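Q: One-letter residues, chain by chain:
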Amino acid sequence: MAFTVYCWLLCLYPGSYRDEFGAEMTSVFRAARSELPPALPAKISFYQREFCGLLSGAMRARFDHLFGPAIPFGRFSMQPQFRFPRSTVFLMLVIFAGVVLTIRMASSVAGDKVGSVWPSLISVLVFMVLTMCAAAAVVCGILHTLRRSGVHRLENVDRRMYSGESNSDQ
Amino acid sequence: METFALSEPVLLVLLSLAEQPRHGYSILKDAESMSGGRVLLSTGTLYGALQRLLDQGWIERIEEDDTPRDRRTYRLTSRGRRNLQMEIERMRHLTKVAGLRMTRKEA
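If you read the protein sequences in the order shown, they are chains X and E. Residue numbers 1 to 170, in our numbering, belong to the letters of the first sequence in order. Residue numbers 1001 to 1107, in our numbering, belong to the letters of the second sequence in order.
It is worth saying that the hints were derived from the structure and are not from the lab. Because the structure is a prediction, the values reported are computed rather than measured. The reader is advised that the hints may include incorrect statements.
[Stated by the list, open to error] If the Cβ cut is set under 8 Å, some of the chain X residues that face chain E in the computed set are:
id, residue
1, 25
2, 32
3, 56
4, 57
5, 60
6, 61
Backbone N, C-alpha and C define an ideal beta-carbon position, used for all residues, glycine too.
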């Protein structure tokens, strides 16, 4: 199951990146997973780190693919104002699920209909996953449109203008 | 000198390869060992760093015919080694200054 999710997340990377590193990444993931301690917290921490790492890596690879390595992610990550632990995303999702669940339970109590918690929790989680997928699809669509429009070539135009090639043409 | 801000994962990857050529999983474990278990690289972070370092010519793949595609080995180039040495010098200088400042403050 976890390996399937990993492969699915790997599909978010550009095709060229997957061709170059995909086999290695899955191999390293399998090796790391085989050495996991049996304790549940260690497993949760591992999968959270891997999946969040894949998501942020895919986003970075997509931006690199689109705009080149001009966007200084490395520098941003070095500055405290742009740093936050990846667990923040996970905790935000948990808090969001908790808030929605509380509202649902409160509604049930108000209507004297206290039902089981699990159907609500599952429906909230499914809703959140679907929302994230929809947001990811929109972002991918925007990136694809930008790529087709040729925005990524503007950087090369600027380089040519300032490198003196334009002078030699004249 | 190339001005390139090295994040901690990238620095650990370079230090790992400075000792000997390694494949991905070996780099992952070595980075964990060097940081005393504090830095646990995910595969996404590791291969993002490797791709950037390959693009900038700081590391290279060792191409061998009998190496399987999912277990390729990387090594530091002379350019990467030179830049790593400069980064270490910079950190050494910073540590020295920090030590002096802290000593003055305590005095």
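Q: So, for every hint listed, does it hold in this structure?
A: Now the hints, each set against the structure:
Taking 8 Å as the C-beta contact cut-off toward chain E, the hint placing residue 25 of chain X at the interface holds, the least distance being around 5 Å. For residue 32 of chain X, the interface hint holds, the least distance from its beta-carbon to any beta-carbon of chain E being 7 Å, beneath 8 Å. Below 8 Å, beta-carbon pairs count as interface contacts, and residue 56 of chain X has one with chain E at about 6 Å; its hint therefore holds. At a threshold of 8 Å, the smallest CB-CB gap from residue 57 of chain X to chain E is about 3 Å, leaving the interface hint in force.
At about 6 Å, the closest approach between the beta carbon of residue 60 of chain X and any beta carbon in chain E falls short of 8 Å, and the interface hint on this residue holds. Against a cut-off of 8 Å between C-beta atoms, the interface hint on residue 61 of chain X holds, since the closest Cβ of chain E lies about 7 Å away.
Checked against the numbered hints above, the structure breaks none of them.
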